[in-house]
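Asker: So you can see what is in the structure, the chains are spelled out below.
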Amino acid sequence: MATGWLIFIAIVLIVVVLFQVTRTLDLVGQLRGGERTTVEMTRFHAMLGLIFIALGMIGFFYSFPLFSDRMVDKHSSNNAIIISKMFLITLWVTGIVFVITNVLLFWFAWQFRHRPGNEAVHFAHSNKLEFIWTIVPTIVLTGLVVFGLQAWTEIMGPAEEDATVVEVTGQQFFWSSRYPGPDGKLGPRDNDLICADNPLGIVTREWVEHRRVTLAGSKKLNHVGEIEVLQNREKEIQELIKQYTAIIDGSPNKYIVAATQDTLALIEKELGKIPGKITIREKALDRINKKYTEEYIAAHADEFTWGYDDPMPSEVHVPVNKQAYLKIMALDVLHNFYIPHMDVKMDAVPGMPTSFKFTPLITTNDKRQELANNPAWSIIEEGDDKPRYAKFNYEVACAELCGTGHSAMKYTLVVDSQEDYDKWIAAQASKWSQVAGSLKLENGFSKYAPVPAPATPMATTTTTPSDTITISLK
Amino acid sequence: MSAETSTHAHHVDTHAHGHDHHDHDHHHEPGFIRKYIFSEDHKTISKQFLITGIFWAIVGGLLSVLFRIQLGYPDADLTWMKPFLGKWISEEGQIVPEFYNALITMHGTILVFFVLTAGLSGTFSNFLIPLMIGARDMASGFLNMLSYWFFFLAGVIMFISFFLATGPASGGWTAYPPLNALHDASQGGVLGVDFWLVSMAVFIVSSLLGSLNYITTIINLRTKGMKMFRMPLPIWAFLLTAVIGVLSFPVLLSAAILLLFDRNLGTSFYLDAINLAGEPLANAGGSPILYQHLFWFLGHPEVYIIILPAMGMVSEILSVHSRKPIFGYTAMIYSLLAITVLSFIVWAHHMFMTGMNPFIGSIFVIFTLIIAVPSAIKVFNWLTTLWRGNIRLNPPMLFAIGFVSLFISGGLTGIFLGNSSIDIRLHDTYFVVAHFHLVMGVAAFFGMFAGVYHWFPKMFGRYMNQTLGYIHFWGTIAAAYLIFFPMHWEIALPRRYYTHSGFEAFSGFEQLNMFISTMAIISFALQLLFVFNFFYSIFFGRKVREMNPYGATTLEWTTPIRPGHGNWEGDIPEVHRWPYDYSKHGRDFIPQTEPLTQYEIEHGEHGDEHDSDIIKSEEHKG
Amino acid sequence: MSTLSREESKKRVWRVCGILALVTIVEIAAALIHYNYMEDSPKTFLNILFIILSAGKAYYIMSEFMHLKYELKPMVISVLAPFLFLIWGVIAFLWEGKYWLSMKQFWDVLN
Amino acid sequence: MEAAVSTTNAKELWSGGDSPFKVSYGKIMMWYFLISDTFTFAGLLISYGAIRSSQPKHDETNPLSWPDPNHVFNAGPGFHHAPLVFVTFMTFTLILSSVTMVRAVQEGHYMNRAGVLKWMALTILGGLVFVLSQAWEWTHLIHEGMTPSSNPFGAYSFGALFFLITGFHGFHVSVGVLLNSWAFIQTYRGVFDRRGHYEMIEKLGLYWHFVDLVWVYVFLAFYLF
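Protein chains in written order, with my numbering: chain A, 1 to 474; chain G, 475 to 1096; chain R, 1097 to 1207; chain S, 1208 to 1432.
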């Protein structure tokens, strides 16, 4: 601590001395006459300006290649190629302007500095000049707009018919994905049907039934519904409050009283939230009952079967050289499905599916081979058995602030060759179609059927946000 | 002439002349409270804005230092901060992620609204408008005072939110729903966002009162001869800034009202189909994208609210200190106007990747890139102003030149971002952070510094320490470039990340981040030098002894060295020419108050492109 | 009211009042006729009519009641010009709303 | 004076030392405040437009489609099944109170205190009737089950938007009534007579007509479309 104070005092002293020096400089300047000082100061700082811009430009040209290989992947997807081209064009245009104007700025400051014999010229305007620098930027920008919009339409335009459709869903703080099963159709989803067993709210006859039972309960299945659980909890808390109040009123020990009051405050807070939770569930049940009538289900009989065979793997696979079409959804807040290598970036919006398409051009394996040539990637890190490149994967991140765990929303994209992909998707389909079978239960309630755990990080759903982050980051 | 007309006209007259009577009422010396605290004098209010702005700039800067420590030195042991920050520092001595989010949110909010809107426009609009157009004070001194105190109140509310158990708003300065609409989605969302929204609403009232005053004053209270096209450029900039403020802030107000309703009254304007951590919500039918549209309908004009005053002041300072008329005065005004108009129709370029209609997006691309044209005109005009000038490089001039440089560097990257296809790569990455910090953060700060150094003698009757000013300038411009230029290389690195360590794709930037953080800390320390210089000079700076130390043409330099209430002791001076007659007819400068001579042609009267030639021939005659 | 006498301006006020009342009655009547007799036909044409009539009402309120008609031209322009900013706003917002619906319907078969 | 105004050329008006609009600063401020307020309302109404166009169009079979105003607003105090009648009454109240306000402003020009008092009183009365009518309508609709978070007539957002926008408008009317009452008292006390002009009444008049103007669009959005 003592050294800390010493350092602090030293800094203060240095600052004081420096300040006294600057004050003296100012005063001396005044004594020697303002004009002479102005000329000298102007010369000095104009020179500094020249040095500054020279160093700046050297820094610019030096550091640019230094980082360019780290910047982005320029060829792993069609988007990356298109955007890199646009980027390069814009970089040239702006780069030239950047260098010229900045250099001129500091050079003028030097060249036309105040000094004996230099006189300013009353040059207030020139229509010709102003016309030139209105029209030239306009033309250049028009070019950029035209190229830019061409690229934009290409990237955002309608997807191809045979594109691989993948549905990805973001929630705090992980991604999950779903594929259309062998029938080639993604089952519909409904927010009201979301529950622990059906985390995405897939709509099938059974899941509708299941949700009815989880909400309202069922005497036949001896299952207590969520609404009733909450009502019971409410009664329980009211009972607890009575007990605690009795303790507070009766106990002579002030520490016990204080502790009990704290607990009381907590459970009263919980009690306050229960009616709202009950209302929400009653409303959901009401909507489910209203919407999924027998006639409705009969009218949409087909759609109700689409969800049976949809695999929900724990990572995204897409075949190489074929367009992938992402349907992007969110359950709670905004997220953004971001694949840096592929230049894929699109918000996930609760309540409105968005979409984005891209064509991966290099498989994960080929990319690893490509990286093997890079010395930075061929090292074997401590405690590892394989070199860095062998563990390379295309990563998915979240690019829209979504809360505490925003920086931990990592997911994996695997680009397969067509054969690998076919094998993989077939395996997934067979694995998940069993699930579909298990859902078709006669009593319409699958709670006790072997529903496989959904995509890995689901376990964290029940923890509070602040817990999640410590788990996932440390 | 009907009786009605005469009464009607009569009102106008009473009010037009009202201001000449104004100062008669104030001959008695007001008490301390009326003079310095609840003052209605525009100069005092402007100083109040400036000092409050400086306070908020220190707070906002400090927050950025904290989160830069997390980014640059993630392993640093900050246990010693525990006494101040409590649970926001983890047991391992690191900033916790929730606090990191709160830091970036508050940093953005404070700097955008409290420092660069209120602190910049509030200070200089208040100070310069009456002085430069020749008015005794603002149109309504009372509303002007209220404007400051609403700003103060907004600040108090925001400041209180730091001390909430669950912390201040932590969902980003843009406060996007649903993250900021839900009480349970983040800790800041529990109560912090409510404080944030209320504070913003109060701030909007303040901004509105201020802006109405600025506009009305400029329209109605110009002194005799002060035509619109004889107004100095800062006044044009303040006028248009105020216009933008009056028209765009209300839209933020409606967005904030809707968000407050969603948070507290169970409505669903921005919410639809939400299931938060397994808990279903009853909301249905809204759209989060709606908020973004409303927000950016304000938010984009807001960046021009920040940068226009700086542009105006820089134009003035460049002209004064290069002893040359600003080049293309009319073009400067029209480009300001063009920027103002365009600022209202480009908002969605912040939203290309948010799920909005890509076709509408492409229309926004076209509008957005058009803005580059007036901006380019301004830059070229500034450069030409320097060309063949007689440049005095004192701190205000250096900061003005620095502004131009930063505006170029930061503005050019806007061409990348405005192009929707490139924005796919750049959206929400450090490239964006670098862009807007250079172009509207640091550049606006440079405009502000230039203004403070330039008009400090008028504000306080003393000079700031020049040597400290030089150190401040070179340190700041170097630090600013060293912070934000390398940030462009972090092109694919997503912003608002507590740590990038979880991703292979984002690795390799640790050293760069450390470098940037170090520079940020140095740059913050340098600003304290300015703060010291500012307050020290108010009391102990070298006294101003001449009325017009810079040899400037504008009206504020015709007032006494320390102007009292009412600004001019005698009559308000009359104006006879435009404000940029420097180095004309062999004279260093001709004040605006000097009548035109017989042979002289006023600038802009003939619209001839050989203006300079004519003047040369005039010179030969003379 | 630079050109109107006291009596004239009084008369004018009541005339504008009559116009506003009449337009409101026309609007209500149109809405009710549509509701009672032709509910199945689309409302598009009627909505356009409503917009035009409302704009008419707004014109009378601003020009006569708010006295704008009698102000100098620059004043009128400065008041009306800002509304131009809203045009693109209205177009973009409504267009967006339609797009959100279309996206929902595109992806969600049950909607 | 009239001659002076007409001969002054527009350029000279702008050359300083005078109001180029021949309007006092107070009125200019009020005008620009109203433009600003228009943008607040515009923000709300544009949001209404965006949300509405993102919901399914009115459709008897879809309980979540946009409701038909004729179904929602079909009651008044003492009567039912009479679509839009009550709101017509409200609209007329507002128009009439606008007219009385203009009359008050006109009397103010002639420094006629009794006239101003009479017409201001009627304006305040009109405002009060309007606010009370709105209160009745709100109570009725809440009774029917329409709240900010639910709507038995169709799309949820309808209820929320209705309460928000009419509430914001009603708030403006209430503020107007308060300000008018204050001005009424000031007039009664002869403050404006002593001041020599009734400009305050003019400014309040602008505000009051603006409230009427906004109602035109609220009416259009919720009751007609």
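One or more of the hints may lead you astray.
When the alpha-carbon atoms are kept at most 25 Å apart in a straight line, the in silico PhoX-like pairs for lysine-lysine are as follows [unchecked claim]: (1) Lys1229/S - Lys698/G; (2) Lys185/A - Lys1106/R; (3) Lys698/G - Lys1169/R; (4) Lys291/A - Lys1264/S; (5) Lys242/A - Lys291/A; (6) Lys1200/R - Lys1106/R; (7) Lys367/A - Lys291/A.
Think of the hints as simulated: they come from the structure by calculation, not from any bench.
All values reported here derive from a predicted model rather than from experimental measurement.
Asker: Looking back at the hints listed earlier, which ones does the structure fail to meet?
Answerer: 2, 5, 6 and 7
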